[in-house]
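Engineer: The chain contents come next:
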Amino acid sequence: MDIITVKNLYKVFGADPAKGLALVKAGNSKEEIYEQTGLTVGVQDASFTVAKGEIFVVMGLSGSGKSTLVRMLNRLIEPTAGEVWVDGDNVLTMNRDQLVKFRRSKTSMVFQSFALMPHLNVLDNVCFGLELDGMPRPQREERGMDALKQVGLEGWEKAAPGELSGGMQQRVGLARGLAMDPDILLMDEAFSALDPLIRSEMQDELLKLQDRHERTIVFISHDLDEALRIGDRIAIMEGGRVVQVGSPEEILQNPADDYVRAFFRGVDPTGVISAGDIVRDNQPKVIWHTPEGSPRATLELLNNQDREFGYVVGSDRKFYGVVSTDSLRDLLEAKNGKGNIEQAFLEAATPVQEGECLQDILPQVASHLWPIPVVDENNLYQGVVSKNRFLRTLYRAGNDNGNGNDLDQ
Amino acid sequence: MLRFEDQIIPLDSWINQFIDWLVEGYRWFFQAIKWPVEFTLTGFETGLLAVPPLVVILVFVAIAWKSSGFRLALFTAITLVLIGLLGLWEDTMITLAMVFSSVFFCVLAGIPLGIWAGRSDRFEAIIRPCLDAMQTTPAFVYLVPIVMLFSIGNVAGVLATIVFALPPLIRLTSLGLRQVHPELVEAGFALGATNWQVLRKVQIPLALPTIMAGLNQTIMMALSMVVIAALIGAGGLGSPVILGLNTMDIGQATIGGLAIVLMAIILDRITQSMSHKNNTQGGD
Chain A
1 MDIITVKNLY KVFGADPAKG LALVKAGNSK EEIYEQTGLT VGVQDASFTV AKGEIFVVMG
61 LSGSGKSTLV RMLNRLIEPT AGEVWVDGDN VLTMNRDQLV KFRRSKTSMV FQSFALMPHL
121 NVLDNVCFGL ELDGMPRPQR EERGMDALKQ VGLEGWEKAA PGELSGGMQQ RVGLARGLAM
181 DPDILLMDEA FSALDPLIRS EMQDELLKLQ DRHERTIVFI SHDLDEALRI GDRIAIMEGG
241 RVVQVGSPEE ILQNPADDYV RAFFRGVDPT GVISAGDIVR DNQPKVIWHT PEGSPRATLE
301 LLNNQDREFG YVVGSDRKFY GVVSTDSLRD LLEAKNGKGN IEQAFLEAAT PVQEGECLQD
361 ILPQVASHLW PIPVVDENNL YQGVVSKNRF LRTLYRAGND NGNGNDLDQ
Chain B
1001 MLRFEDQIIP LDSWINQFID WLVEGYRWFF QAIKWPVEFT LTGFETGLLA VPPLVVILVF
1061 VAIAWKSSGF RLALFTAITL VLIGLLGLWE DTMITLAMVF SSVFFCVLAG IPLGIWAGRS
1121 DRFEAIIRPC LDAMQTTPAF VYLVPIVMLF SIGNVAGVLA TIVFALPPLI RLTSLGLRQV
1181 HPELVEAGFA LGATNWQVLR KVQIPLALPT IMAGLNQTIM MALSMVVIAA LIGAGGLGSP
1241 VILGLNTMDI GQATIGGLAI VLMAIILDRI TQSMSHKNNT QGGD
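Sequence order for the protein chains is A and B. Note that the working numbering has the first sequence beginning at 1, numbered continuously upward. Note that the working numbering has the second sequence beginning at 1001, numbered continuously upward.
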């Protein structure tokens, strides 16, 4: 059953939206309209439905209108034209009181920047929506504690949001949404501000929550992996237009146009997919605490975990080098159990930037035994790209390419 | 050829005519403005003068202690006793009454206007030049019409002070509201807040430190206006200063000035530590 139905939705930003609307409908492009009138077309002719209980991911690059689209669902942004139906009610004809009631009972929202109230503690933040609705303190705190429990933050209710890490703050944001017990959860790039490890943790958390209590989730993302991972269905947006809606498989197998094709597979995937896209933080990390870096303890750690390579990072996640069990053993032997971990660094193990595409990192991946460390522009360690992961990415992309071509022709 | 000797716009005489016309025709209107100010001022003044000095000192010390701590409390006690010993107790109380009354009306008008300016770009654009004018016009220029409209005395002094001290409160209230992160306002609406709830539960609490800084500025400016207000017959600490200057009695002028500075320090520290507390404790 469809819970959200969007029909021919438009948003034109600027002084005279009606004029822009007419121009869009007459078939002018976004760029032409901007040049002629200075009006910005945010969303044009978006139509789709969201079924009850599904995770519907709206994916697009920045500027594709996805954030505008989700804000029109609860009218944080007033649409220029079109229809939004939620649960049989026309959202766009609601008056102010009805809209407030709709936002309190039907929808809730989680933001990219968390948007927690700095003047309230964690519990009061979680209860904020309930407080707005006039629920008495004992009841709303009970609901709030329950929501905090769901996201694994019991014991933090008295903390100030600023004391929490990014991942925990977004758990509070999620709990704030859940406390309202909404039918629909709108998540605007909710995990995009988190670092990759925490992000996948939060994705798992969301899927777990979804297992326990099925809600309708409209999830905005620019991250392909994320969309494929959590999305039951995906809508792809480009330049304010919804270019395709379907399950991940459907879109992979039968892309609607070149944009979607490029988005998903690219003509040459090794030129499109970057190291940051496939980086995995699954190798042992060694934090460099003391000046010597305790090579012996590191060796033990690697032996215990049955790993060959360790990645030495500072407590600020700065990347320093890669050590192997062999190099550590050699060092300890040579220095009679002493020595600085620096001397055990593998000389050839230089990191690659997360923005470098697969083509560029191929030589390194192919020629070294260890998974290649990946850093961001601040030299912060992001994880590794292993041979295995690299090949599997190529295989998946190549496979899709083959199938897609067959279907196209 | 342009000869300025012959061609002069008689703006000054127009203004004179305008003021005369106001004074004659709208006396009732200005009396109506004057009445609540007079009422508040008299209230503060009789209150502060009726209470024994020791009680006033204790109240101030208690406030200083609560808002800041022992050091400010001690400073306040010493200062107020010193002022009394200098023979300026009554003048100081009158000045305080004038400052409190002006600040009372500044808050009454300034915070709503500031909120309006913070939420409406158009209103902000309208009120900005007015605030600039209020702050930059030399006080002497509007003292005369104020005297013509309200006659001399403490009430006229308070009204002049309000004109001068109001702008920072409006400005900083507006600024405080505008500094609230738009995502927080958006989150408020997304969770089902009404306009009023967003204002009360999101914007004002987050703007409070800035609003308090505005209040602090308003109090300071009100105090600094006290001497000037004495020119139009307002009493208080300004009168020994003016009197001392007129009679070349530097000593008297100096102790008057000293008392003003000391009061300024006390009021500044108290309000500053209040706004600081708001800042660190949040809205608990």
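Where hints are given, some of them may not hold.
As the list claims (entries may be wrong) - Result set (DSBU-like, lysine-lysine): computed pairs, CA atoms no more than 35 angstroms apart in a straight line:
#, chain 1, residue 1, chain 2, residue 2
1, A, K338, A, K318
2, A, K7, A, K25
3, A, K285, A, K208
4, A, K52, B, K1201
5, A, K149, A, K25
6, A, K149, A, K101
7, B, K1201, B, K1066
8, A, K149, B, K1201
9, A, K318, A, K7
10, B, K1066, A, K158
11, A, K208, A, K158
12, A, K208, B, K1201
13, A, K101, A, K208
14, A, K158, A, K7
15, A, K101, B, K1066
16, A, K25, A, K101
17, A, K338, A, K149
18, A, K158, B, K1201
Worth flagging that the hints you see were computed from the coordinates, not collected in a lab.
Engineer: Confirm or reject each hint.
Structural biologist: Status of the hints after comparison with the structure:
1. Taking the CA atoms of K338(A) and K318(A), the gap is near 24 angstroms; set against the 35 angstroms cutoff, the hint holds.
2. Only pairs whose Cα atoms come within 35 angstroms are accepted, and K7(A) paired with K25(A) is accepted, the gap being roughly 14 angstroms.
3. Between K285(A) and K208(A), the direct Cα distance comes to roughly 27 angstroms. Compliance with the 35 angstroms bound is thereby established for this hinted pair.
4. Restraint check for K52(A) and K1201(B): the C-alpha separation of about 33 angstroms stays at or below 35 angstroms, so the hint holds.
5. With a C-alpha separation of about 49 angstroms, the suggested pair K149(A) and K25(A) falls outside the 35 angstroms cut-off, and the hint is violated.
6. Proposed proximity of K149(A) and K101(A) is supported: the alpha carbons are some 26 angstroms apart, at most 35 angstroms.
7. For a cut-off of 35 angstroms, the pair hint linking K1201(B) to K1066(B) stands: about 26 angstroms separates their Cα positions.
8. For the given pair, K149(A) sits about 25 angstroms from K1201(B) by alpha-carbon distance, which is consistent with the 35 angstroms threshold.
9. The straight-line distance between the Cα atoms of K318(A) and K7(A) is roughly 49 angstroms, outside the 35 angstroms bound, and the hint therefore fails.
10. Among the hinted pairs, K1066(B) with K158(A) is consistent with the structure: their alpha-carbon atoms are about 25 angstroms apart, no more than 35 angstroms.
11. Among the hinted pairs, K208(A) with K158(A) is consistent with the structure: their alpha-carbon atoms are about 26 angstroms apart, no more than 35 angstroms.
12. Restraint check: the Cα-Cα separation between K208(A) and K1201(B) comes to about 33 angstroms, which is no more than 35 angstroms; the hinted pair holds.
13. As the CA atoms of K101(A) and K208(A) are separated by approximately 29 angstroms, the hinted pair is consistent with the 35 angstroms bound.
14. Distance check on the hinted pair: K158(A) and K7(A) sit about 44 angstroms apart at the alpha-carbon level, beyond 35 angstroms; violated.
15. For a cut-off of 35 angstroms, the pair hint linking K101(A) to K1066(B) is broken: about 43 angstroms separates their Cα positions.
16. Restraint check: the Cα-Cα separation between K25(A) and K101(A) comes to about 33 angstroms, which is no more than 35 angstroms; the hinted pair holds.
17. A C-alpha spacing of about 47 angstroms is found between K338(A) and K149(A), which places the hinted pair above 35 angstroms, so the restraint is violated.
18. Restraint check: the Cα-Cα separation between K158(A) and K1201(B) comes to about 19 angstroms, which is no more than 35 angstroms; the hinted pair holds.
Hint violations for this structure: numbers 5, 9, 14, 15 and 17, all remaining hints satisfied.
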